[in-house]
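The chain contents come next:
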Amino acid sequence: MKKILLVDDEVALTRMTKLVLERTGKYEVLTENNGSKAVAAVRKFRPDIIFLDIMMPEMSGDVIAQELREDKELADIPIVFLTAIVSRTETKTLGSVIGGNQFLAKPVKADDMLKVIEELT
Amino acid sequence: MVCSAGHNFLTPEERRWLSEHPVITIGPDPDALPFEHIDSDGLYRGLSADYLTYISGVLGVSFKVVKVQNWAELMTMAQQQKIDLLPAIVSSAPRREFLEFTSPWLSVPGVVLSTQPFNSVADLADRTVVVVAGSIWDDYLSTHPVDVRLIRVEDSRTALELTALSGVDAMVTNLATATEIIHQLGISNLRVVLRLKQSTDISFGVRKDWPELVSILNKTLSDMDPATKEDIRQRWLKLEDIPWWRNPSFQRIGLFSLGGFILIIVFFVIWNQSLKRQVRKRSEALEQAHQRLVRAAKMESIGQLAAGVAHEVKNPLAIISMGVEFLNSTPDRDETEQQILTDMDGAVQRADRVIRGLLDYSHYSKLERRPGDINEVIKQSLHLVDHEMKKHQIEVCTNLDILETACFDFTRIQQVFINLFINSAQAMGEGGRLEIVSKMDRLSPVEAELSQSYQADQWVIKVTVTDNGPGIDDTESEKVFDPFYTTKEIGQGTGLGLSESRNIMELHNGTLQLMNCEPTGACAVVILPCDKGVEDEENSTC
Chain A
28 MKKILLVDDE VALTRMTKLV LERTGKYEVL TENNGSKAVA AVRKFRPDII FLDIMMPEMS
88 GDVIAQELRE DKELADIPIV FLTAIVSRTE TKTLGSVIGG NQFLAKPVKA DDMLKVIEEL
148 T
Chain B
7 MVCSAGHNFL TPEERRWLSE HPVITIGPDP DALPFEHIDS DGLYRGLSAD YLTYISGVLG
67 VSFKVVKVQN WAELMTMAQQ QKIDLLPAIV SSAPRREFLE FTSPWLSVPG VVLSTQPFNS
127 VADLADRTVV VVAGSIWDDY LSTHPVDVRL IRVEDSRTAL ELTALSGVDA MVTNLATATE
187 IIHQLGISNL RVVLRLKQST DISFGVRKDW PELVSILNKT LSDMDPATKE DIRQRWLKLE
247 DIPWWRNPSF QRIGLFSLGG FILIIVFFVI WNQSLKRQVR KRSEALEQAH QRLVRAAKME
307 SIGQLAAGVA HEVKNPLAII SMGVEFLNST PDRDETEQQI LTDMDGAVQR ADRVIRGLLD
367 YSHYSKLERR PGDINEVIKQ SLHLVDHEMK KHQIEVCTNL DILETACFDF TRIQQVFINL
427 FINSAQAMGE GGRLEIVSKM DRLSPVEAEL SQSYQADQWV IKVTVTDNGP GIDDTESEKV
487 FDPFYTTKEI GQGTGLGLSE SRNIMELHNG TLQLMNCEPT GACAVVILPC DKGVEDEENS
547 TC
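Residue numbers (my numbering), protein chains in the order written: chain A, 28 to 148; chain B, 7 to 548.
Since the hints were derived computationally from the structure, they do not count as laboratory data.
Cβ atoms here follow ideal geometry from the backbone N, Cα and C, with glycine treated the same way.
It cannot be assumed that every hint is accurate.
Below, computed lysine to aspartate or glutamate pairings styled on EDC-like, alpha-carbon distance capped at 20 Å [as the list claims (entries may be wrong)]:
| # | chain 1 | residue 1 | chain 2 | residue 2 |
| --- | --- | --- | --- | --- |
| 1 | A | LYS136 | B | ASP349 |
| 2 | A | LYS136 | B | ASP351 |
| 3 | A | LYS136 | B | GLU318 |
| 4 | B | LYS397 | B | GLU441 |
| 5 | A | LYS45 | B | ASP351 |
| 6 | B | LYS70 | B | GLU103 |
| 7 | B | LYS385 | B | ASP351 |
To be clear about the criterion: a stretch of chain A counts as covered by chain B if any three or more of its residues have a C-beta under 8 Å from a C-beta of chain B, and this derived list gives those stretches [unchecked claim]:
| # | region |
| --- | --- |
| 8 | 32–41 |
| 9 | 44–53 |
| 10 | 134–143 |
Some chain B residues near chain A, calculated using beta-carbon distances under 7 Å [said to hold, decoys possible]:
| # | residue |
| --- | --- |
| 11 | ALA316 |
| 12 | HIS317 |
| 13 | LYS320 |
| 14 | LEU323 |
| 15 | ALA324 |
| 16 | ILE325 |
| 17 | MET328 |
| 18 | PHE332 |
| 19 | SER335 |
| 20 | THR348 |
| 21 | VAL354 |
Model the full assembly from the supplied sequences, consistent with the hints where possible.
Quick look at the structure:
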């Protein structure tokens, strides 16, 4: 079973998303709502993929991604950014600006998440 | 003439002489107004005539007029003593050989008349100067040190006419004669260029063998009441220089000055108008720049607000969306529950679109300009909206001329055209015709006023999108570019399309205008400068 780490300060969102993903029966989902604890959670949980919100109060997603990239053991874990600040015209460019593998714009469709998971893991 | 007895200031001898000479022949110059002349009725008139009338009354003598043709004849007869008295004559050495002169009864300045400027008599050297033959001025110039080319004529009138017609360079005469004849002939181009030291002192010239008469006349003149003298003078003398306003030099100078003055006025008027235009243009440019600044400031605020709203709203939307997905995956839902979930999902998507539209509107991302063909953008935009057009059975016609390459952000400009096409389609409803025309054009002066970066006659790319829908309400024509303004049904549009499109065009230093077209429908005019040399801020390839 593949392991997914959801990092987002929105508690209800991570709870809802965990329910949807685990209902498929294919994934084990861990949620972390405190950005500053995200790196430790990755180290401990060793997920196959990380969904990372960008705008978080304690530590933003791009900083977390940078820390993970600097750790050789964790650098290869695919990261998918979740962001609310995406206009229609920015959809295709944002990933390259931030430097992550992929991004998804909120509100995220479960199907889109599942598709990305299958692509990257 | 009526005569009366002599005056008591005379000596007995003088009275006896008068009684022995009751009739004295006189020879007035036939053409010497104002001094004397023989008028058209053959009557002797003038200053001297009035003086002699007075003298005749005082002395009790008669004066008999001897008529001659001209002055020369007069002088000849005087020499022959066929005339006793010349009433108006200037004393000179040659004349004193055959005449005795009384004290002058009138003194008139001598003048040089001409159409040309002369500063002194010396300037007359080698110039042609006309005088009346045998006149004092003939004597004057004949003996003057300055060597002039003297032209002699019979009378003053001839002399003046000759001078006015520039047949000679100048005329010398007395001011009184000159003024009289100039008035008579209406000569306007002569002016007094010099006043001579020599004046015309008019005396009675008496035959040399009648010295008694000289004494009698002198006494009579001395006894004459000054008021009477003044009356006579006033009656006949118009001693005036040529009026200053008839002075040719003055007229020349005046004309040049007036012309120069008018030129200066015209220059100032043109300069003033030009300044006003510049001030107006700069004020407009300043106003435009100010408005841009205000707009930019507003946009920055809106941008920040949009980002904040997006974040705070999108998370709850995400939660709802994920919740709907979860519920959708649960089995055994009835139709009503399914409908509710569908409506919830639709509402989330609509809210998401609004947020994205707001982010698009507020986001001043840097343009990625690349050289390209606007016609390609038009074609691709039409391709993207093709389904929408067919769905509403809208006929699409294009007339795309060959265009210059322009530098633009493909995605952004495509967004503009898609907005315009969709707006037109929605305005027309079912059926209708959408026409797109692209061409190279020169900006008219009116169009050049649309943007500070425009210049009249500048080449631009012009795309006109015309529909045959209901057109725009005149009261709404400017509001259509306001953010969130929409006439569409709720959920059919955010109202940001036109506002956003105009912003995009302004970022490209272009313009977007919307207006009603004949006979019906709306026209959107997109103008884009052909600015191949424009550099983008970062990674332009133009």
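Comparing the hints with the structure gives:
1. A:LYS136 x B:ASP349: At roughly 16 Å apart (the allowed maximum being 20 Å), ASP349 of chain B and LYS136 of chain A satisfy the hint.
2. A:LYS136 x B:ASP351: 10 Å, holds
3. A:LYS136 x B:GLU318: Holds - the C-alpha atoms of GLU318 of chain B and LYS136 of chain A are around 18 Å apart, at most 20 Å.
4. B:LYS397 x B:GLU441: 17 Å, holds
5. A:LYS45 x B:ASP351: 19 Å, holds
6. B:LYS70 x B:GLU103: 24 Å, violated
7. B:LYS385 x B:ASP351: 34 Å, violated
8. 32–41: Coverage by chain B holds for the region 32–41 of chain A (3 residues, Cβ < 8 Å).
9. 44–53: holds (count 4)
10. 134–143: holds (count 4)
11. ALA316: 5 Å, holds
12. HIS317: Because about 5 Å separates HIS317 of chain B from the closest Cβ in chain A, which is inside the 7 Å limit, the hint holds.
13. LYS320: Hint on LYS320 of chain B: holds, closest Cβ of chain A at ~4 Å, below 7 Å.
14. LEU323: For LEU323 of chain B, the interface hint holds, since the closest Cβ of chain A sits about 4 Å away, which is under 7 Å.
15. ALA324: 4 Å, holds
16. ILE325: 5 Å, holds
17. MET328: Hint on MET328 of chain B: holds, closest Cβ of chain A at ~4 Å, below 7 Å.
18. PHE332: 5 Å, holds
19. SER335: Holds - the Cβ of SER335 of chain B comes within 7 Å of chain A, reaching about 6 Å at its closest.
20. THR348: Violated: closest Cβ of chain A sits about 14 Å from THR348 of chain B, beyond 7 Å.
21. VAL354: 6 Å, holds
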